[in-house]
Amino acid sequence: MKIDPSYTLHTVAGEHIILIQDAKENKVLSLNPTAQFLWENLNGKDFTLEEAVSLLTSHFDVEREKAATDAEKWVHELHELGIIH
Amino acid sequence: MNCMSLESFISIGGIPARLTGDNSLRRIMTSAAFYPFITPPASGAVDIRLDESVAETEFDIIHIFDFQKTATCTFGKKGTDYHFVMQNDDGIMLRMVSDGHTYARISRCPDGTWLFFALWMAFNLFGCQRESLSIHASCIVHRHKAILFLGESGTGKSTQSRMWMEAFPGTELLNDDGPFLAPCNGKIHVFGTPWSGKTPCYHNIHGPIKAIIRVRQAPFNRITPLPTLQQIGAILPSFPPAFSRDSFLLQKVLSLVSALLSETPVYQLECLPNTDAARTAHDLLFPEP
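Protein sequences appear in the order of chains A and B.
This note's numbering puts the first residue of the first sequence at 1, with every later residue one more than the last.
This note's numbering puts the first residue of the second sequence at 1, with every later residue one more than the last.
Note that these hints are calculated values from the structure, not bench results.
Backbone N, C-alpha and C define an ideal beta-carbon position, used for all residues, glycine too.
Misleading hints may appear alongside valid ones.
Where chain A lies over chain B, by a calculated footprint (3+ residues, C-beta under 8 Å) [what the hints assert, rightly or not]: (1) 148 to 162; (2) 251 to 259.
Take a look, some chain B residues computed to stay more than 10 Å from chain A by CB distance [stated by the list, open to error]: (3) 59; (4) 229; (5) 231.
Just need the whole structure built from these sequences, with the hints factored in.
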């Protein structure tokens, strides 16, 4: 899977945000530090869920199980929003 | 032969502009909206040419939107130029092309409101380079400080301005629809403009901002500070929506949002259309000693 290249991570007033815009409205999605870390390391790449989990376990002091939950949640939420395909 | 070409200078949102043209220029210079913004000739002015022939060009579309139910607007880009076309079903058309830096050319158009709107687009494009942008807001000045009311059309921005003027004599309307925000001596100031919606209020003055208030209709009056993310969500859609769909212009818009939020508090006012709503906001912003 891949992050849709039409989305960009912006830093505004200290918040790390993604803008989701359609014809009618703007949505502002805020990324927490974990989500921001995954975005910065996986943006532009073809990746698997396993790679996302490994990124978290190798960079943070976190149990594999917790990392898997976080990565799954990240992928699921961004997929639902049409940002990860 | 172009012996009827005229020249005038205006300055809006801190952007000096030299305007040339004939009928369109006369229309602008004799309008109550633009008249206060006429300045002496200035160097470094952007070059806006009216009544020009602007060739039909294919460009990449950034955004299509409606203007007051009288025109379909198409905003796009080709190379370094931005293109803006307004048209209706009767074949009336206005074209503008601008590099967003130094020049804009606007075609002849029989409709004055379209012409004024095309100028709004042009000044916003020039403004993007200078962190000067139009914000969709009603703006009052109270004790030498500006307060901006934000909200979608119909939420009661203008009503809140009016309630302040009723409740607190000496409060004045600066602009009722489209003031500009622009840097001035290291701070972001709000500037009066010729674009004030249905209210003829065209003041060529500017000043510092006390607060930004997002207006929400409610069966009670309550003012609360907004968390940062919601501040961004309140302010971003108040800047020209077409601009947040172009990556270059979006960077400029977001940079202005960051600067604005670093120095200006943003509140949400849930309110009724009454003077108590004005007092609720006033008591928080200007507490009695």
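Hint by hint, here is what the structure shows:
1. 148 to 162: Since three or more residues must qualify, the claim that chain A covers the segment 148 to 162 of chain B is violated, with 0 doing so at under 8 Å.
2. 251 to 259: Holds: 3 residues of the segment 251 to 259 of chain B have a Cβ under 8 Å from chain A.
3. 59: holds (19 Å)
4. 229: violated (5 Å)
5. 231: violated (7 Å)
Of the hints listed earlier, those the structure fails to meet are numbers 1, 4 and 5, in rising order.
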